[in-house]
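Residue numbers (UniProt numbering), protein chains in the order written: chain A, 1 to 325; chain B, 1 to 335.
If you are wondering where the hints come from, they were derived from the structure by calculation, not from laboratory data. Don't be surprised by glycine CBs; every beta carbon is placed ideally from N, CA and C.
Here are a few chain B residues that sit away from chain A, every Cβ distance over 12 angstroms (derived from the structure):
id : residue
1  : GLY43
2  : TYR49
3  : TYR66
4  : PRO87
5  : TRP89
6  : MET143
7  : PHE156
8  : PHE181
9  : THR262
Covered stretches of chain A (in silico footprint by chain B; criterion: 3 or more residues with CB under 8 angstroms from a CB of chain B, positions within the stretch not fixed):
id : stretch
10 : 88-94
11 : 98-105
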Amino acid sequence: MPLLELRNLSVDFATASGPFRAVDGVDVSVDKGEILAIVGESGSGKSVSMLAMMGLLPWTATVTADVMNFDGKDLRQLSPKARRKIIGKDMAMIFQEPMSSLNPCFTAGYQIKEALRLHLGLDAKARQKRAVELFEMVGIPAPEERLKAFPHQLSGGMNQRVMIAMAIACNPKLLIADEPTTALDVTIQAQILDLLTGLQRDTGMALILITHDMGVVAETAERVSVQYAGQKVEEQPVADLFATPHHPYTSALLAALPERATERHLPTIPGVVPGQFDRPEGCLFSPRCKFADDRCRTVPPVPASADLGFARCHYPLSVSAEAEA
Amino acid sequence: MLRFIFSRLLTFLPTFFGVTLIAFAFIRVLPGDPIIVMAGERGVTPERYQELITQFGFDRPVIVQYWDYLKGVLHGDLGHSFVTKKPVWDEFFTLFPATLELSLCAIVFATLLGLPAGVIAAVNRGKFFDRTLMSSALIGYSMPIFWWALLLIIVFSGWLGWTPVSGRISLMYYFDNPTGFMLWDALWSGQKGALWSAIHHLILPTIVLGTIPLAVIARQTRSAMLEVLSEDYIRTARAKGLAPFRVNGVHALRNALIPVITVIGLSVGTLLAGAILTETIFSWPGIGKWMVDSIFRRDYPVVQGGLVLIAVMVMIVNLTVDMLYGFINPKIRKR
Ligand SMILES: Nc1ncnc2c1ncn2[C@@H]1O[C@H](COP(=O)(O)OP(=O)(O)O)[C@@H](O)[C@H]1O
Ligand code: SF4
Ligand SMILES: [Mg+2]
Chain A
1 MPLLELRNLS
11 VDFATASGPF
21 RAVDGVDVSV
31 DKGEILAIVG
41 ESGSGKSVSM
51 LAMMGLLPWT
61 ATVTADVMNF
71 DGKDLRQLSP
81 KARRKIIGKD
91 MAMIFQEPMS
101 SLNPCFTAGY
111 QIKEALRLHL
121 GLDAKARQKR
131 AVELFEMVGI
141 PAPEERLKAF
151 PHQLSGGMNQ
161 RVMIAMAIAC
171 NPKLLIADEP
181 TTALDVTIQA
191 QILDLLTGLQ
201 RDTGMALILI
211 THDMGVVAET
221 AERVSVQYAG
231 QKVEEQPVAD
241 LFATPHHPYT
251 SALLAALPER
261 ATERHLPTIP
271 GVVPGQFDRP
281 EGCLFSPRCK
291 FADDRCRTVP
301 PVPASADLGF
311 ARCHYPLSVS
321 AEAEA
Chain B
1 MLRFIFSRLL
11 TFLPTFFGVT
21 LIAFAFIRVL
31 PGDPIIVMAG
41 ERGVTPERYQ
51 ELITQFGFDR
61 PVIVQYWDYL
71 KGVLHGDLGH
81 SFVTKKPVWD
91 EFFTLFPATL
101 ELSLCAIVFA
111 TLLGLPAGVI
121 AAVNRGKFFD
131 RTLMSSALIG
141 YSMPIFWWAL
151 LLIIVFSGWL
161 GWTPVSGRIS
171 LMYYFDNPTG
181 FMLWDALWSG
191 QKGALWSAIH
201 HLILPTIVLG
211 TIPLAVIARQ
221 TRSAMLEVLS
231 EDYIRTARAK
241 GLAPFRVNGV
251 HALRNALIPV
261 ITVIGLSVGT
271 LLAGAILTET
281 IFSWPGIGKW
291 MVDSIFRRDY
301 PVVQGGLVLI
311 AVMVMIVNLT
321 VDMLYGFINP
331 KIRKR
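Modelling step: build the complete structure from the supplied sequences, incorporating the hints.
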């Protein structure tokens, strides 16, 4: 049984201009100790789907799913209180903006010890000991002093380390990292990714890494799920996905990688992810797809078979990416 | 921290001189000759008039007069009341505790009700409680104080007979008033029922004086909370599995407090200065009533000194508020 299983997850927002489906029938499945990458451009519903699973969306969101199981529990059946016993303990999340994700009014130590007291019931001495240990684990020098620091006294990279320490404080079975490096300097990005994969290896937790960077995926993940405009459009093991992408969107994302660019300029995918008001009729990718025909523009495609990477496309590709490019 | 306080004190200097200047100019631009007014209906002989002019220094250049006045103020000499002949300073400090006691009660009342109300409204944005609270706040804010006081007096003192109409304590009780704070003195007087009587007398004036700050604090808390609740660190707090009470009451409220403390501070300032109406209605022997009486009696040194002292009190409150910011949000201390 997978550690996490979401089937047909949808999220609708009630907005001033009517309902908006930000996540549309997404399936996610993660095994113990596995690294799953979720990729897709900004606005694809990556964050919203994970926040929905954590129960962190505002009240304007309606979450529905056929299956929502974590660690043998049906998340849909849990009371809010029972759910709070799981999130922050067995299932933790870190976010894109480390600088604004920590409370400016409390020290790093206060914020990390809060979780230790809540979930593990440690006394003050044990909390201090564990907090120092965690800071050492995430590579924060002079931990005793940093525990007393306020977030504004630390750099972005350091704050993200604090966030990671906080997230792994109670030995979670699953860590969700939502674009953990997007807001950081390039040099720091690699350090944080190494830290995350290292911690994953050492602790055996499962890791969901959300990113819009295919380069990051190649270096870290085992399996990749590609999301577009709220839908999962393809899913494959990382090597297969890079070798033979089946969905034209995946193929386009890969072609945009710097090392795969054949022309002098980096090819980007023209157009943007459709939002609330410009959702196309048939295939959501059709306005930007170079293979689109009339059928694509009128009939929404359904996911293909497993050997075609569940590609949500009428005409899944099966040539290798190199040949394609 | 010391440097912070010192720099804040420096910024108060211009304000302080401005206030003394205004207070000084006040009696010189007002129509009517203070000496004539002082002399009253019996009038004054020309010789006596000259004598008084010299005595009060009105014959010297204005600049010199101001300088003398300023020197006096800096030495704590605010002159003597024309009417009682007592030093303005002494009168102020005999009456100030009454105003302070009432103002503190009003602000505590407004904060204790307004803060939680604002938090609950923000958390339940758009729901019944929120809408009810916000409309009541609007009413409270725009209610004419005089009318509101009379309404409360009619209902609670008149119809129900629950509360007294005026004064600070029932005439049944008599004891020394060493601190001037009636609640405190009543408690230590050892007389049975004295404290209860003092509380009884405080209820209506507190509600009347606290109504506007209550409305302001509730609205400010709500809007500050709404802003903070959409911050990333609130999501982090919830992602930790913290209960809503901790997320809203600790993580969010602590951040929302800065603008709320500001309006509380501003309210204390306006309360000290603005208890005038409430004190007059309830015959509350504080500085508000003292100032009103002095204006009617053309007791210029009192008006002048009272203005300066009230301004200083407001400045002290503001300084305290500024220092509180640093304690609540360490980021501000750095700036
Ligand atoms: N609270 C919200 N209310 C309404 N729409 C939202 C809300 N949060 C996100 N969205 C919309 O949902 C879509 C998906 O957002 P998101 O999951 O953040 O994308 P990603 O993380 O893939 O960049 C976007 O179009 C975004 O505008
Ligand atoms: S269904 Fe058509 S438009 Fe959509 S991705 Fe496939 S080929 Fe492109
Ligand atoms: Mg996102």
